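What follows is the residue order along each chain.
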Amino acid sequence: MRSESRKGYWLYLIPGALLLTVIIIVPLAWNVYLSFTRYRGIKPPTWIGLDNWKELFQDADFWASFQHSIAMVVAMVILPTAIGLFLASLLFDLVGRRFNGKIMGLLRAVYYLPQILPIAIAAIVVGWILRPEDGALNDLLKAFGLGGLQHNWLGSPDTALLSIAAVLVWIQIGYPVVVFMSALQRIDPQLYEAAELDGANWFQRFRAITLAGIRPEIFVVVLTCTVAALKVFGPVYALTRGGPGSSTIVPSYYSYTEFFTAQRVGYGATIATALTVVVLAVAIFFVRAQFRLADQEEQ
Amino acid sequence: MTVGQSENEHQQLVDEEHPAPAPPRRNGRRRRTGLEWLALAVTLVVGVIMGAPLLLVLLNAVKSPEDFSAHGPLGLPTGIYLDGIKTFWEAVDFPRKVWNSVLISGLVAVFGVLISVLNAYALGIGRVRGRMWVLVAFLLATIVPQEALLYPLYIMFKNIGLYDTIWSVVIVFVVIHGAFGTYLLASVFGAFPRELLEAAALDGANRRQILWRVVVPVCRPTLAVLAVFFFIWTWNEFLIPLSFLVSADNQTVQVGIATLQGERIMNVTTISASALLGVLPTLIFFLVFQRTLTRGLTAGAIK
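Those protein sequence lines, which keep their order, are chains A and B. Residues in the first sequence are numbered from 1 upward in steps of one, following full-length UniProt numbering. Residues in the second sequence are numbered from 1 upward in steps of one, following full-length UniProt numbering.
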């Protein structure tokens, strides 16, 4: 479209931009300001320059929390996207077309269930399964003669993070499955027919047609899940409260405890700001890559 | 324009690109192989794993506390026991909490989609200058950890009198979820067929008419999916409703459950009952709107 005719479109951004400014940008700027202050929530904040930031870089708990974030990215992005792709194409390509569309629809709905289960409730159920005395998992291990593997899954530092990660994989899978399956509908079925006639096997069809066709959705899923993984809060809060010790703390939970438990608002704001910077950098990286790909496709 | 009509339009557009007739139905054309049965088995097993926890909630919600302590969380209930549900229902004034949650989630779904559409129209179709950075600014809303917003928003809402009203929560999530919608719709609108826009412009439609009579109807499936997502996400939000809705009359289901968990009357059965009642409305909503999810996030994007 001609550039002069573009101008008026700005009008449509006004309500959104106003709301964004008031609800997000201003509080965010306020939060950055607080990271340079000592503030305990009662007396007005006092300016202390870079003290909070210096403390942050030497804070072992902070670095540990970021390491745990990497585990969260594996559990919430890499595994669910890979498994989700596999399941979505199994459901769509094999179950839906070879067996029955109703089974496909039902299974997709079931896969999505953990996504609509509020985390406080999911935590109750996970407790029944993982708790040390009579949890379902330990009972199951015993029944199979693997009693030696019984463990206090969420309560010991060596398995707590792993247990949270497993729960997160379970929670997340439904999201990529639903998004990818809706994307698959856009792909012309004749492509699969033709490929099949040409003797392409399931995996070849998967790579050449499925993966290529739903790339935009893969981008959306990976970006939104990465952002969610870096700032994950609810599951950690509900399952372990960062413990035992600091073995499962993540940046977002760490800043929360500084804000509301330790009442060190300035330091909490510093952690939150650092986290925002990291997530923002990741998001910009993704969006740029996405724009570049879109531009390439247009040419 | 109805949904059906817009789908026909979509179909026509697809047909222009692929003029061949629809392929014949292939079910049963060839015998199913062992590998295909294996695939079905895998998807069914995964289904059991995904669905089991909800089944556990249902089982334990109707067990008596004695039954629970005798047979644990996995045992089948020996009888139907509804006192847990009754206790919870009365203790939290459940209908009131459901109404608050429905109102908040419904408003966020409607206004969140509206804001996303307006933003995405400027970004995806208007392609305003610097749109990548505008998009990044909107992404900020989905990026910022919510804890970071609590203090400033608390002070702001207090000053303008929105603190402890459902509107505070509605506004925050319209912006946060609307930002996600903006990101998604901007890429969907970006792939909107230019021919369609140009044809409408030639017919004398102005920009507003093009948006509401061409773009929105064609993308309706995507908008419906967004609305469903927004509703479910808002329903399950916890931290911000907990912080801004202090009086019991304004609280959501999730906040009601959480505040009750610390209290004495909560035995295992009541907790399971709260879990069941907490998830039931979203479950019903999801099952009703499940089919809109099938129509697809990007069904409106025609390449």
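Because the hints were derived from the structure by calculation, they are not lab data. Hints may be right or wrong, so weigh each one.
What the hints assert, rightly or not - Computed footprint of chain A on chain B, listed as stretches where at least three residues anywhere in the stretch have a Cβ under 8 angstroms from a Cβ of chain A: (1) 45 to 52; (2) 71 to 80; (3) 141 to 148.
Stated by the list, open to error - Computed cross-link-like contacts, DSBU-like style, restricted to lysine-lysine with a CA-CA straight-line distance of at most 35 angstroms: (4) Lys54/A x Lys158/B; (5) Lys43/A x Lys54/A; (6) Lys43/A x Lys86/B.
Because the structure is a prediction, the values reported are computed rather than measured. Glycine included, C-beta positions come from ideal geometry on N, C-alpha and C.
The hints, checked one at a time:
1. 45 to 52: holds (count 5)
2. 71 to 80: This one holds; 3 residues, not fewer than the three required, reach chain A with a Cβ under 8 angstroms.
3. 141 to 148: Since 8 is at least three, the answer is holds.
4. Lys54/A x Lys158/B: Measuring from Cα to Cα gives roughly 33 angstroms; hence the hint holds.
5. Lys43/A x Lys54/A: This hinted pair holds, its Cα atoms lying about 23 angstroms apart.
6. Lys43/A x Lys86/B: violated, 46 angstroms
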